[in-house]
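A.B. asks: Residues per chain, in single letters:
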Amino acid sequence: MEALELARWQFGITTVYHFLMVPLTIGLGLLVAIMQTMWVRTGKAQYLRMTKFWGKLFLINFIMGVATGLVQEFQFGMAWSEYSRFVGDVFGAPLAMEALLAFFVESVFLGLWIFGWDRLPKKLHLATIWGASTASILSAYFILAANSWMQHPVGVEMVDGRPVLVDIWAVLTNNTLLVAFPHTILGAFSVAGGFLLGISWYHLWKRRRDGIDTVGPDGKVLVGSVAKTGRDTADHQVWLRSLRIGALVAVVSFAGVAVTGDLQAKLMFEQQPMKMAAAEAACHDGTGFSVLSVGNLGSQNCDDIVAVIEVPGMLSFMANGDFATEVQGVNSLVPQYQEQYGTHLPDDPMYGERAGMEIDYVPVMEVTYWGFRMMITFGAMAAFAAAVALFLTRKGTVPESKRIMQLAVLGILAPFGANAAGWIFTEMGRQPFVVAPNPDPNGIDNVFMFTAAAVSPGVSATELAISLIAFTVVYSVLLVVEVKLLVKYVRGGVPSAMPELLPHDDGPDDDSAGGDPTRKKGDGDVLAFAY
Amino acid sequence: MEFLPTLWFVIIAYLWTGYLLLEGFDLGVGMLMKLFARTDQDRRVLLNTVGPVWDGNEVWLITAGAATFAAFPLWYASLFSTLYLPLLLVLMGLIFRAVGFEYRGKGNNDAWRTRWDWAIALGSLVSAFGIGAALALTTTGLPINDNGDRVGGAFAWFNGYAVLGGSAVVLFSLVHALGFLVLKTDGEIRERARRQFLRWMPLGVLPMAVWAIVVHSSGGKTVTWFTLLLAVGGAAFAWIMARRHRDGWSFVGMAAFLAAGTTTIFTAAFPVVLPSTLDAAFDLTVANASSSGYTLSVMSVVALVGLPGVLVYQGWTYWVFRKRVSRSHIPAAHTVRAQ
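The listed protein sequences correspond, in order, to chains X and Z. Heads up: the first sequence begins at 1 in our numbering, then just goes up one per residue. Heads up: the second sequence begins at 1001 in our numbering, then just goes up one per residue.
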């Protein structure tokens, strides 16, 4: 493989991976803040337990997002130096804003939250998680501002062949950003909702299996209690409240995701018509919405693709809100792109071996077509499942069936899949551009960049291969470790985050595990929490 | 000299100084997990001295990187792509270290903890070395052509200055961390840290002082004579104060050494941000590598709003967690079992 392919694989793998942790951090962070608020307001035990338990899982996941986030910032310079030089005047600003205005707040306040239990006054401590959570959402805004500029450059002028920022406000209110932001944030909440739903389901199911909770003749739950393992009535409340909050959050955010997704699609038909045509494998103008297209999508040859089932007019509705306007297909878009942006890459050394090669304006249709469908299918499945879950748990517990429990746990993955598929679709659909041209007639002329020109000229394919392998191996190992830890803490239930719930004589190894026997309780404690 | 690019050079120098001052001791504490701590309990004491703050400290690095991207995209692109492999190691080190901090206490057996101890210690060592090498090389030069791209193979950057800068940050972090432990712990650990600090501190600051002298002797200005002197004075002050058990003042001395040292280095290097070892005409300077005036003024407003806030709430964090951590504070390890 050449340097360009390696760099693209690396960016794809590291970014999709990073974005497994990010939506859970964003979504779960806010939910934990809400849980803690409910605790501070009502003083009810179950809300404290919810805060601590979900907070623990949040942290196990958060650290992986932090660790892999730095890679994102560094690799623009490391592997994509030509890109960084070209866009630096505009692209670096939102990244620096994210660091200065959002990520500092998130990291510092999260440290205060983790270690500040009992050390800070209750309300101030609550404020720290709100600060961290709000900052993580603000982070997303700045990062999406940077990404949206790549999808739809605004606020710049070309000076000496480089885009120069002239209007930061235009970049921060890019219409692409204004729909991508709610879409992404709601997508993150759907991830957190599904996470709460699946894990709580497991615990409610286990309480029934262990005979703690039973169901009365009217179908209503009869809550039991085994205080010795911390599975009392408040424990039941923890899981039931979490499950219903999770399901509700999932249903509502999926509805929002659908609405914002529709707005995004309409915008994308204007801004990147080729991406949307490729999403549909729509070859000729006026193609209907494809329910199933067969043929060799990967051949990039439109003659090979046969739409088996299509809904006439549907695509037009997605693009324009009516059923009659013809949407342009790939076949008529290619000559337009060729006319505007050239048929061949310029004979410039910045293109390396690709200089002078013919430009293929059609994204990899297998990826765009199936990516688009996976995003929608996973999302719709999860939304439907969450709605069913709300109905099934209306009487206070979950069905006895192990199969359904397993489905609920497996369902945690669906929103993750939808998020990943959506990003793969939108980033691959932008190709062959790394900065897509802005076709708005009143827009900016000729601010675009081919991906082929973006990679670092001084970095060898060997170096990229080394880093690609290193990241893939390390990330895979860490994913296994993270999931194992999450599973372990989930199985432990609330006491995994609140050992004080268990009676002290519970385990023989409790005191032999390194604690100082002279350890004092109370005033002398400087650690409200300890690693 | 144009005002805004110069201002941003100063801001970036300030961000690096803040990074080395703060993350310096948590990188050092990471390495001391293997070099200093004797028991698992010691290691937990060490970990908890930096527990609430290390992540906030690391944001200084993220900010320094992002600010360089925003204010000097050509500097950012050339430095990061030229140092591809060393920065890969930095990233790997930081990943393992961060995950180690969080995951170490979440396993139930010694093998698990030992593995993460190594991850933390080696991760800290490798990233400190890599960052030091990168900072030294951006002041002493890299083989870059007129486009700012590396000429030569994957190791064309490697030279004595890389080793000098790498060991400067590693050794400084180690002794700085010992000084930090004197401030943040109690009992036997504290006394041992003080003894080690007094023994190793002169050696620990030496490579950074040499690095400052090297840059000073090639591009020094009158003022860098003064800052160089200040750095030496700060180090001497830190050592004397540590001997007199004035630990707070000793820490201030170390901070003064670092700040005066980095000021010497950045001031002497100014206005060149990345010299080319091939041809001085290819040097990246504050003037030719910077973003437009508009971008810089936008970023100046952001920094003006953001940075004072950072100092306030990060300072407050240190105040909240100001108490010393000692062995008696470490609770029993918590075993998570399936319900």
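Incorrect hints may have been included.
[Stated by the list, open to error] Only some residues are given here: those of chain Z computed to face chain X with a beta carbon under 8 Å:
hint: 1; residue: A1077
hint: 2; residue: M1299
hint: 3; residue: V1310
hint: 4; residue: T1317
The set of hints was computed from the structure by calculation and includes no laboratory data. The structure presented is a predicted model; accordingly, all values stated were derived computationally and were not measured. Every residue, glycine too, gets a C-beta built ideally from N, C-alpha and C.
A.B. asks: So, for every hint listed, does it hold in this structure?
C.D. replies: To see whether the hints hold, each was checked on the structure:
1. A least Cβ separation of about 4 Å between A1077/Z and chain X falls short of the 8 Å threshold, and the interface hint therefore holds.
2. Given the 8 Å rule on beta carbons, the hint for M1299/Z holds: about 6 Å separates it from the nearest Cβ of chain X.
3. A least Cβ separation of about 5 Å between V1310/Z and chain X falls short of the 8 Å threshold, and the interface hint therefore holds.
4. The beta carbon of T1317/Z is positioned within 8 Å of a beta carbon in chain X (closest approach about 6 Å), and the interface hint is therefore held.
When the structure is compared with the earlier hints, no violation turns up for any of them.
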